[in-house]
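Undergrad: With chain A's structure known, arrange chain B on it following the hints.
What follows is each chain in one-letter form.
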Amino acid sequence: MSGITLTGVGKTFDQTVAVADLDLAVEDHELLVLLGPSGCGKSTVLRMIAGLEQPTAGEIRIGDRVVNDVEPKDRDLAMVFQSYALYPHMTVRANIEFPLRARKVPKERRAEQVQEAAEMLGLTEYLDRKPAQLSGGQRQRVALARAVVRRPLAFLMDEPLSNLDAKLRAATRVELVDLQRRLEATVVYVTHDQVEAMTMGHRIAIMDRGVLQQVGSPQDVYDRPANLFVARFIGTPPMNTIRGTVERGDGGLGIRFDAVLLPIPIEVVAAVDASGLTELVVGVRPEHLAVVADGTGALPATVELVEHLGHEQHVVCRLPDGQLVTVRQGSHRPAPPARSSVRLVAAAEHLHCFDGATGERVA
Amino acid sequence: MSRRGRDALLGYALVLPSLLIFGVFVFYPFGRNFWLALHRTPPFPGLPSKYVGLHQFGDVLGSEEFLKSLRVTLLFVLYTVPTGIVLGLLLAVLAHRELKGIGVYRTVFSSTVATSVAASSVIFFTLLNPQVGLFTYWLGRSGSLSVLQDPKTALIFVSITTIWQNLGLSFILMSAGLQSVPDDLYEAAEVDGAGARARFRHVTLPMLSPALFFAAVVGSIMAFQAFGQIDLLTEGGPNGATNVLVYSIYRDVFTSGNDGVAAVKAIALFVIVLVLTLVQLRFAEKRVSYAR
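Protein sequence lines correspond, in order, to chains A and B.
Per this note's numbering, residue 1 is the first one in the first sequence, and the count goes up by one each step.
Per this note's numbering, residue 1 is the first one in the second sequence, and the count goes up by one each step.
Hint data in this document are derived by calculation from the structure and do not stem from the laboratory.
C-beta: ideal position from N, C-alpha, C; glycine also.
Be careful, since some hints might not be right.
Examples of chain A residues toward chain B, derived with CB under 8 Å [said to hold, decoys possible]:
1. L52
2. K73
3. L77
4. F81
5. Y87
6. A102
7. R103
8. A226
9. G359
The following block holds chain A by itself, in its conformation from the complex:
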């Protein structure tokens, strides 16, 4: 049992709140990704789990043990740093061996385990080199080998791929997922890269300004963002969000965007009605918007430009109030000419409605 449980965990530096009242449970054998923009507190959470920072509130458990007062060295975790933090004066072998030596593992067992870890990460021919003689990708692997060599209870990874170039990053991502599966390891993985989060995480925990916004499977988070922050943070290009006012007419509820009054989709009417909201933000992902020549229940817009990406195209349109929205469509579709007037429609089931004041999801 090597799950990690955080209960009401907070961290305040002087006056600044880095992490506020965080409840999060990492399951055994799970790869949980902590995702968020820089400064959102995700690294602080990781460092508190590692014991490198002391939480100012709450309780951290690893397995069944409360570790708040346990030294990092006694937590039985391994950490991979963004900088790799390899010991520059030691050979690759000595680097990988270090956690074993620090824990007084007998010499023969050490050699065996180092060999095994080196084989796992394809480092056997570099064992006698110094880190300075390795490429970025190789150093990254040494950092991983140093983490896996000891088979700790859980792995903590702090943006381990961010110093690699794009191609190597994609390849290493796949390797990391494979490694996690083979070791059946519990991993807490910090990143600001949503592609890493979506592709690697069993679950994603999204943070902003020290507050946990949503936890869920990648698909879940994508399909049902809990609030506007998550809605806008996940997805490229980001979700279009349009602010409007709720109007109660004789025929039911409508939402007004400037001059246009659109009926509120039947699926969310009840929720909106019950909440008594007057301001609503409607979100729709670019792939769920379609450009049509004209139609009822559609938003009028002007085409600004079309970006061709080969496999798809992004039609950037301007709404009457000046806001830009993006429509994503297949590259085989005819691109509307720039400056032309079009209408945008979306299926009701793909609309996300958020409270205009709090940003929380309504339906």
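TA: Structure of chain B alone, referenced to chain A:
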């Protein structure tokens, strides 16, 4: 005149002032010293000095007096350098943490850099005074021979004074070295299971080795060139117990008036310092950068 020619002329013109200063105060004395070393100084001033070639080198460098002075100098280096580095490192490690008011400690620890040799020598001279010195009292030697007049202890107490004088520099060098060690290395070692002692041994010391090496070489050079504290505390005595090379050179010139002998010793000292400098340059290139 061609453009190149004009540029060159301007270049020489700009270099000229410093060339003059160096010429008068460095190059000429340096050359003159070799001339002196090759001539025997006459027993009475005014008589012509006699060219003796390398003869004088053999005489001086083989003399009992020179060898004793060299031995004293080496002992002085041995007493001052390692202790100074260890103490500097100790203070640097103590001051290398985020505590309120740690800046005060850092300032105090490095303050001896801003203290002149003369002033600190006088302080120690007073503390070691056989009648009123506080240290003399603590050492239980009040009323008896001053530790600076006892051949057995004089060099040790001159060394203690010197260590104190150089402690600030040593502290600054070690602090700078510590600050250049990335924090994540310590954190990695901590998570990897290393305790405080293991982190010091496996991370701090190896990462500090360039700074330690630099401090050792520079400290040795400084020790070989020490003069002020010896002049003020013991004047090379008692019975030559603190007569380091520089001081013996000084005495040859200003007491004995034997410039030739002094010149030979000065060349010997020059060679020693030159070798140390070359060692530093050579190893510095090899060892200082742990490119990551």
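Undergrad: Compare the structure with each hint and give your call.
TA: Going through the hints against the structure:
Annotation: A/L52 was flagged as interfacial toward chain B, and the flag holds, the nearest CB pair being 5 Å apart, inside 8 Å. Contact between A/K73 and chain B, as hinted, is supported at the beta carbon level, the nearest pair being about 4 Å apart and thus within 8 Å. The criterion of a C-beta within 8 Å of any C-beta in chain B is met by A/L77, whose closest approach is roughly 6 Å, and the hint holds. The restraint placing A/F81 at the interface with chain B holds, with a minimum CB-CB distance near 5 Å, inside the 8 Å limit.
Of the supplied interface hints, the one on A/Y87 holds, with its beta-carbon coming within about 7 Å of a beta-carbon of chain B, less than 8 Å. Checking A/A102 against chain B: minimum C-beta separation of about 4 Å stays under 8 Å; hint holds. Given the 8 Å rule on beta carbons, the hint for A/R103 holds: about 5 Å separates it from the nearest Cβ of chain B. Evaluation of the A/A226 hint against chain B yields a violated restraint, the C-beta minimum of about 32 Å exceeding 8 Å.
Because the beta carbon of A/G359 sits about 36 Å from the nearest beta carbon in chain B, more than 8 Å, this interface hint is broken.
Hint compliance for this structure: hints 8 and 9 are broken, all remaining hints hold.
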